[in-house]
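> Sequence:
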Amino acid sequence: MAANGGGGRAIRVLNVAEKPSVAKTVSGILSMNQGIRIREGRSRYNKIYEFNYSIQGQSCQMMFTSVTGHLMEMEFEGRYRKWHSCDPVDLFEAPIHKHVPEDKLDIRKTLEEEARKCQWLVLWLDCDREGENIAFEVVEVCSNVNSQLNIWRAHFSSLIEREIHQAAQQLARPNQLFSDAVDVRQEIDLRIGASFTRFQTMLLKDAFDFNFSTDGRNLVLSYGPCQFPTLGFVVERYWEIQAHEPEEFWKIQCSHTSDEGTANFNWMRGHLFDYTCAVLLYEMCAQEPIATVTKVRQQEKLKYPPHPLNTIELEKRASRYFRMSSEQTMKIAEDLYQSGFISYPRTETDSFSTRTDLRILVQEQQEHPVWGPYAQRLLDPSSGLWRNPSGGGHDDKAHPPIHPTKFSPGESRWSEDHKKLYELVVRHYLACVSQPAVGAETTVEIDIAGETFSALGRTIVAKNYLEVYRFESWGGSLIPNYMFGQQFTPTSLTLESGITRPPPLLSESDLLDCMDKAGIGTDATMHDHIKKLTDRFYAIKEASHFKPTNLGEALVMGYDDMGYELWKPYLRSMMEEDMKAVSVGNKRKYDVLATCLQQMKACFLDARVNKAKLFQALEIFFDRTNRTGGDDQHNHGQLVRKCDVCHDSDLVLRKKPDGKFMIGCLAFPQASCRNVIWLPGSISEAVVTTTVCSACTPGPVFKIQFTFRRLEIPPNFNVHHLGCVGGCDDIMRQLTEVSGSGYRNFSNTPARGRGTAAPSRNNSQNNQQQATCNFCHQTGHSSSDCYSLTSQNRNPRSQRVNSSNGDSPIPCTTCGSLCILKTANTESNRGRKFYSCQSQGCKFFVCWVDSIPTTRGGGSSSATTTSRRSGRGGGQGGGDVRFVSATGDPVSGRSCFICGDPSHIANVCPNREMTLAPATSSTVMGPLVDMQAA
DNA sequence: GCAAGGTC
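Numbering-wise (the working numbering), the first sequence opens with residue 1 and increments by one.
Read the hints as simulated data drawn from the structure, not as lab findings.
Be careful, since some hints might not be right.
Claimed, not checked - In silico lysine to aspartate or glutamate, DMTMM-like type, Cα no more than 20 Å apart, as pairs:
no., residue 1, residue 2
1, K397, D516
2, K611, E364
3, K316, D189
4, K532, E236
5, K601, D591
6, K104, E40
7, K316, E300
8, K397, E576
9, K601, E542
10, K316, D516
11, K568, E140
12, K24, E73
13, K601, E75
14, K420, E364
15, K82, D215
16, K420, E441
17, K568, D606
18, K601, E576
19, K420, D516
20, K587, D189
21, K406, D417
22, K580, D591
23, K19, E161
24, K331, E240
25, K303, E472
26, K316, E161
27, K419, E364
28, K316, E445
29, K19, D396
30, K420, D357
31, K547, E327
32, K419, E496
33, K109, D128
34, K24, E161
35, K613, D335
36, K205, E619
37, K205, D591
38, K251, E445
39, K541, E327
40, K587, D606
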C-alpha cells in the first residue's frame with residue numbers, strides 16, 4: 001500500500017474478519033491485549049473490538065468486527081422463486097440477484113453503522129476465493145452507506161503475531177478476479193441445481209408410488225453438481241459389486257515348523273486362475289519337496305507417523321477408528337473449537353508452519369493421566385523421541401492443521417464422542433512430532449523344484465509414535481533363523497483355492513477419499529453432501545457403508561441411459577478449472593458463465609426430451625401411479641413462444657389429464673388471456689425442441705416434435721413430424737382437419753386405439769409386493785429379489801457374465817440352491833462356460849465346464865454335474881479318466897505321481913481320495929502328504 | 001420444496 005504520511009489525526013478504520021474468532025484473535029495480537037475495549041454489535045455473535053494501532057506511521061482508531069461466512073445469498077428474482085411460476089428451463093436465464101438474508105440483517109446493520117463512522121475499511125477475510133468474495137459482499141454493504149471509504153485487504157495465512165502485524169502493514173487492494181470466480185460458481189450451482197431439481201421432482205414425484213417412508217417430509221428429488229457425483233460414487237461401487245463374478249484361483253502354500261517357531265511361506269506367483277497349471281506346478285513341488293534357502297535378507301524398516309491432521313483426515317480417521325459419521329465428527333469438532341480445546345476444524349492444511357511453537361502444545365499435555373508421561377518423554381531431549389513433523393503438501397494459507405489448543409483431562413459436559421475426538425486430535429498431534437516406529441524385518445526366500453516362496457518375519461525394535469497413537473498397529477511375527485543354502489523339508493505343502501471377492505460397499509472414509517480426489521465439495525462441505533444423500537433417500541448407511549436406495553440407483557441409471565455423465569465428477573472438475581482460469585484472469589467471468597450455462601441448458605433440454613429414460617429406470621423399481629400430476633412438466637407446460645394475444649405471458653405446450661395436447665397462455669386462468677391452440681387429437685407425444693422456426697414472427701417460435709398414432713392419421717402422413725404452430729405448417733393444419741382437435745375428440749368421439757390398460761400394465765409388471773415373481777413367474781420371491789432380474793434385466797451394467805439360457809441348473813453342493821451355467825467374460829477366460837451358485841449368500845464357484853473330466857473315447861465334452869471339490873471327480877472309473885484343457889488337448893504327458901498311471905494326473909487319481917482331507921471351502925488338496933513323515 | 005459455499 002502507499003504510505004499515508006506519518007502522525008496527524010487518527011483515522012477511524014473498520015476491520016472485518018470472516019468469523020468472530022478471527023476478529024478476537026487479530027484484535028488481541030494488534031492491540032497486544034492493551035487498551036482493548038469490547039462492544040456488543042447488533043448480532044449476538046459478532047462483537048466489536050476497539051483499540052489504537054499504527055499503520056505505516058498513521059495513527060488508527062481500529063474498530064474490529066466480523067461476519068459469519070457469506071453475508072449474501074444468490075437468489076432468483078420475484079416470480080421465479082415459486083416452483084410453478086415458470087418453466088424450469090427459464091431458470092437458466094431468469095434474473096438473479098444477491099441479497100442479505102433475514103438471519104444476516106443484524107450483521108449488515110452493524111457494518112453499516114460502523115462504516116458510516118470510518119474512513120478506511122480493512123478486509124481480514126480468509127485468503128481463499130470464497131474469502132475474497134465475502135470481502136466484496138462486505139464492501140458492497142459498507143460502500144452503500146459510505147462511498148468515501150478507502151478499501152484495503154489484509155493478507156494472512158495464520159494467526160501468528162508476526163504475520164498479522166505484517167499483514168496490517170502491507171495492505172493491498174481486494175482481488176476482483178478471485179471474487180468473480182466465486183460469482184461464477186454460485187450462479188452456475190443455483191441455475192443448474194434449481195432447474196434440474198424442479199424438473200425431476202415435478203416429473204417423477206407424483207408419477208410413482210415410492211414405497212418408502214419419507215418420515216412426513218416432502219419428497220424432493222434434488223440435483224446438485226456435488227450431491228449427484230457423490231451419489232454416483234456410491235452407485236458405481238454398488239454396480240461393481242453386482243457385476244462381480246467370483247473366479248476361483250489356486251495357490252501353493254508352504255509352511256515350516258521347527259523348535260524356533262513356524263514360518264509361513266507364500267508362493268511368489270501369488271495365485272493362478274488356471275487350475276491345470278497350478279496342479280502341474282504343485283505336482284512338481286510335491287514330487288521333490290526339498291526346500292533350499294536362496295536368500296536371507298535382514299533390514300531395518302521404519303513406519304512413519306501420519307501427517308498433521310486436516311479436516312478430511314479427521315473425518316476419515318474418526319469414521320475408521322470410531323465409526324463416527326463425518327457429519328457428527330464436524331459437529332463435535334466445531335463444539336470443541338468453540339470451547340477452545342482444538343484449533344479451527346475446517347482446514348486443508350496438513351503441514352505446520354515453521355514458525356509454530358510445536359513444543360508448547362506438547363507441554364500442555366504433560367498433565368494428562370494417560371498420555372501425559374509420553375508427552376513428558378517427548379520433551380526430554382535425552383529420549384530422542386522428538387521429530388519435526390513432515391508435511392503432507394497441502395496448505396490452504398488460512399488455517400494451521402487441526403491440533404489441541406487447550407489441555408483438558410476430559411470435561412464433565414463432554415459426551416463420549418467429545419472425548420474420543422479430543423483424544424484423537426491430541427494423540428495425532430503427539431504422534432506427528434514423534435520418531436517413526438522401527439522394525440527389524442527378515443525376508444527368507446526358498447526354492448522348491450524351481451518354484452520360489454518367501455516368508456517375512458518382523459520384530460518391532462522401537463515403537464516410538466505407536467506408543468501414543470493407539471489407533472495404528474504394526475503387526476509382525478518371529479520366524480525361525482535360516483541360513484543361505486540351508487535345506488529342509490516343509491512341514492506342509494498344500495494346493496489351496498480361493499475365490500475372488502467383490503470390493504466392499506464404500507465406507508464413509510472411502511467416499512470422502514473419492515470426493516477429495518475428484519474435487520467434489522470442500523473440506524467444510526463434504527460431510528454435508530454425504531448427509532444429503534441420506535436426507536434425500538438416495539442412499540442408506542448400513543454398518544458404516546453406503547448403499548444406494550432404489551431411488552438413488554434409478555436416477556443415476558436414468559441419466560446414464562441418456563448418455564449423460566451428470567452423475568460423474570467431470571462437470572464439477574471442469575467448473576473448478578474454469579474458476580481457476582477466471583481467478584487468474586485467463587478467462588472472463590461472463591464468457592465462462594455464458595458457455596457453461598448454454599451447455600447445461602442444452603443438456604437440460606435434451607434430458608427433458610429423453611425423460612422417458614428416467615421413467616423407464618424408475619419403473620424398474622417402483623409402481624406407476626394413476627395420478628395425472630405425475631408429469632408436472634406437461635401440466636405446467638413447455639415454452640413454445642411469447643403469447644401473441646396478451647403479449648405479456650408465454651404460450652406453453654400442455655398435456656391435459658385425458659392425454660390430449662394443447663397450447664395455452666400461461667396467464668390463464670389467473671389473468672384474463674384465454675389464447676389457446678387446440679392440437680390434433682391423434683398426437684400421442686409432443687415435446688418442444690430448441691429448434692426455432694425461421695418463418696414465423698414474432699420469434700422465437702420453438703418447433704415441436706410430434707408423434708401421431710398411426711391408425712388415426714392418413715397412411716401418406718409420417719407418424720413423426722417436427723411441426724410449427726406459428727401458422728406456417730401445412731401438415732399440422734391438414735392433420736388437424738383430418739383427425740380433429742383434441743377438444744372435439746374429447747367431447748364427441750372416443751379416441752381410437754386407446755384403452756385404459758396403460759397404467760395397469762405397469763402396476764402388474766412392477767408390483768414388488770406380490771408373492772409371485774413377475775419376471776420368472778415363480779412363487780416365493782418378488783421381482784425385486786428375482787435373480788434373473790438382478791443379474792440381467794434390472795441392471796444392464798452387470799452383464800459381465802451372462803447367464804446361459806439353454807442349459808439346466810444343477811444343485812449346489814454347498815448350499816443346496818441351484819447352480820446355473822454362465823459364460824465368463826473376463827480377459828483371461830472369455831467364452832469359457834462354468835457353473836456358479838445363484839444364491840447371493842453362497843456364490844459357490846463349481847467348475848469350468850471345459851475342465852471337467854470326460855470319459856476317454858466317449859467323445860462327450862458336455863458338462864456334467866460333477867464337482868471337483870466334492871471328491872467325486874469322475875475318478876470312479878479308475879484309469880479311464882483324463883483331463884482336457886480348454887482347447888481339448890491333454891495337459892501333460894506326465895504320469896500320475898500317486899499311482900504312476902500315465903493316463904491321468906494326480907488330481908483325478910482314484911487313489912487320491914485316500915490321501916485327501918475332507919473338502920473345505922478353502923483347502924482343496926491338502927495336506928496332501930505329511931512331508932516330515934515321508 | 002431447488003445448489004453450494006461460508007459459519008454460529
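> So which of those numbered hints doesn't the model satisfy?
2, 3, 7, 9, 11, 12, 15, 16, 19, 24, 26, 28, 30, 32, 33, 35, 37 and 40
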